[in-house]
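*Asks:* Heads up: the sequence lines are chains A and B, in that order. Sequential numbering from 1344 applies to the first sequence in this note's numbering. Sequential numbering from 935 applies to the second sequence in this note's numbering.
Worth flagging that the hints you see were computed from the coordinates, not collected in a lab. None of the values given here were measured: they were computed from a predicted structure. Take these hints with a grain of salt, some might be off.
[As the list claims (entries may be wrong)] Within a straight-line C-alpha distance of at most 20 Å, the following computed SDA-like cross-link-like pairs (lysine to any residue) qualify:
| hint | chain 1 | residue 1 | chain 2 | residue 2 |
| --- | --- | --- | --- | --- |
| 1 | B | K1380 | A | D1354 |
| 2 | B | K1147 | A | K1496 |
| 3 | B | K1147 | A | A1399 |
| 4 | B | K1234 | A | V1488 |
| 5 | B | K1147 | A | D1387 |
| 6 | B | K1219 | B | H953 |
| 7 | A | K1496 | A | K1512 |
| 8 | B | K1147 | A | T1460 |
| 9 | A | K1463 | B | Y1112 |
| 10 | B | K1147 | A | T1457 |
| 11 | A | K1469 | B | I1130 |
| 12 | B | K1380 | A | D1480 |
| 13 | A | K1463 | B | V1109 |
| 14 | A | K1463 | B | H953 |
| 15 | B | K1132 | A | W1468 |
| 16 | B | K1380 | A | H1383 |
So you can see what is in the structure, the chains are spelled out below.
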Amino acid sequence: MTKRFALGIFDDEDVLLHAVENVREAGVKIYEVFTPFPIHGIDDALGIERSRLPIAAFFFGLTGLCFALWLQIYTLGFDWPMIIGGKPHIALPAFIPVSFELTVLFCCHGMVITFYTISKLYPRWKTPVLDVRSTDDKFVMAIEVNENTDMTKLSQLLRDNGASEVNQKEMSKF
Amino acid sequence: MQHVSPVREPLVTGGKTYHDVTQDVCRQVEAAPNIRWMAALSVALVLLGVFFYSVYRTLWYGIGEWGLNKTVGWAWDITNFVWWVGIGHAGTLISAVLLLFRQKWRTSINRAAEAMTIFAVICAAMFPVLHMGRPWLAYWVFPLQNTFGSLWVNFNSPLLWDVFAISTYFTVSLVFWYTGLVPDFATIRDRAKGPIAKVAYSLLSMGWKGSAKHWSRYETVSLILAGVSTPLVLSVHTIVSMDFATSVVPGWHTTIFPPYFVAGAIFSGFAMVLTLMLITRVVFKLEDYITIEHIALMNKIMMVTGSIVGVAYITEFFIAWYSQVEFEQYAFINRATGPYWWAYWSMMTCNVITPQLVWIRRVRYSIPLTFILSIIVNIGMWFERFVIIVTSLHRDYLPSSWAMFSPTIIDIGIYVGTIGLFFTLFLLFAKFFPVINMAEVKSVLKYTVDNGPTYTGHDPHHAPTTHQTSTHGVPASAPVNYDKHD
Chain A
1344 MTKRFALGIF DDEDVLLHAV ENVREAGVKI YEVFTPFPIH GIDDALGIER
1394 SRLPIAAFFF GLTGLCFALW LQIYTLGFDW PMIIGGKPHI ALPAFIPVSF
1444 ELTVLFCCHG MVITFYTISK LYPRWKTPVL DVRSTDDKFV MAIEVNENTD
1494 MTKLSQLLRD NGASEVNQKE MSKF
Chain B
935 MQHVSPVREP LVTGGKTYHD VTQDVCRQVE AAPNIRWMAA LSVALVLLGV
985 FFYSVYRTLW YGIGEWGLNK TVGWAWDITN FVWWVGIGHA GTLISAVLLL
1035 FRQKWRTSIN RAAEAMTIFA VICAAMFPVL HMGRPWLAYW VFPLQNTFGS
1085 LWVNFNSPLL WDVFAISTYF TVSLVFWYTG LVPDFATIRD RAKGPIAKVA
1135 YSLLSMGWKG SAKHWSRYET VSLILAGVST PLVLSVHTIV SMDFATSVVP
1185 GWHTTIFPPY FVAGAIFSGF AMVLTLMLIT RVVFKLEDYI TIEHIALMNK
1235 IMMVTGSIVG VAYITEFFIA WYSQVEFEQY AFINRATGPY WWAYWSMMTC
1285 NVITPQLVWI RRVRYSIPLT FILSIIVNIG MWFERFVIIV TSLHRDYLPS
1335 SWAMFSPTII DIGIYVGTIG LFFTLFLLFA KFFPVINMAE VKSVLKYTVD
1385 NGPTYTGHDP HHAPTTHQTS THGVPASAPV NYDKHD
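Given only the sequences and the hints, what does the whole structure look like? Please build it.
*Replies:* Right, here's the structure in full:
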């Protein structure tokens, strides 16, 4: 499906931040904003909800901790009990290092895999980009448009808010 | 619009724009390899050849190729292992601890330091694996069901803790480093001319477009990774120190080992970061990004950790005397005056005396002196591990088994070889990957000077004042909210 976008190109992140607020106030729906680096405060301006990744990370860590404790208690305590250095079979203080490491291991990898999955980031041969300068030095605000959109008005709104250029681009599979 | 702080030095000098950052960092990746890089890679590859030959000898003829004997059963292998792991720690510290402490100066150096971590851990891992003698059975260290019945690994052993610590540390560092690289790969992909580069960097960048939503998640991920990497990095060297501390060997059986080893790791790690950064900034012309301020700040961290290590050495001596354990007392007197006195005093000179020179401002801000100092510290930290391991082992409780250790050519070959391995990997990284984290440097660029009076730093007559200039077509009246950048 082909989509049409109006692209407002900004040169400065502070101008963009202000523009995002104004454009949304004017009742225009912003499709997405592309920036070369994270801009603090843009989440609120765009209305992006706080990520729930920390909660996911916590539960991944908890899984790792439970797995590590089960593994050590089961193997050394029940499956093949052996006295090592006079310690009890289930020597919890000696199990702390491995439990900690597996907690961190599960937490990090679980969270990172979740991040790539929900963001739909995976290796691909070709990446469609609306404006290649958005990974260099420009801040791009993309607004989805159709035949009924008044382009002159939209363009004027973006320019009034500090856009240095306003372009249009059609994209299939975006 | 740029913000000029009246009290802080600019993080990036030279009045760079966002586009300049991209240009400066991508230049190296896009250009044909220069002659200095080729020369350096050739030397590294020769050393890598030495590594492969020494490993071949070790595997074909066995561990008898090394200088180990009945008393000194660990020597260069574990020395090199601890040395390399320690070097790796600075990378995580720069990217994780300094991120949590909101030290924005880390942005210019974190990428290369993290790469250094990964490569140093790869070098470190070679030693325990080769010390096994039969590395093809290395998977025995993992708790896997096996054909010998219900036989499991011993979770009470610090050597097994090491397995878990190092493998967790390596994979987590790798993921942290790679996730940080993704946006910069996207920048290179969007600039790429050739078809191979386009496809290669498209695959590497995982389809990153820099959308606000992705950045928001990306920052959450970075923060949590930093939060869990910080205790992780401390745990790794603590566990490495427990390999020794949980034994009964005099000189090893000390409770001071975990913090002392961690401080030593940061100390040697920062020394190696300095060595690499001083070379990288000159070779790749990145003096505006890795400024003299960065070097001075790293020097300060090196000085602090070096002083902690110095205090630890003295504490060990004091406790040996205070404990009234004769074996412990003998071990320490033997270290300073016994057959390995030269190693002990090399360690003391390199690690305790030389870092104190950093108190002098002239030394801290001098590039040649810092370079020499960083190499001295790396040598000193190698001697520290050698002293701890060999001097404690060569005189154990039983005088009949007292022995001396001397390395064979294969021992030396593997050690020198891992330096070749490290530099081969680092040089390939520096050529094909962006050495500086462009996205993060761009986000701190406003903390610098643009089109304004040149900030002379220490001259009170040129004290900078806050000013606003119109840059790249932005109206001067545009709203600025600096609070949102913290």
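*Asks:* Name the hints, by number, that the structure is in violation of.
*Replies:* 2, 4 and 14
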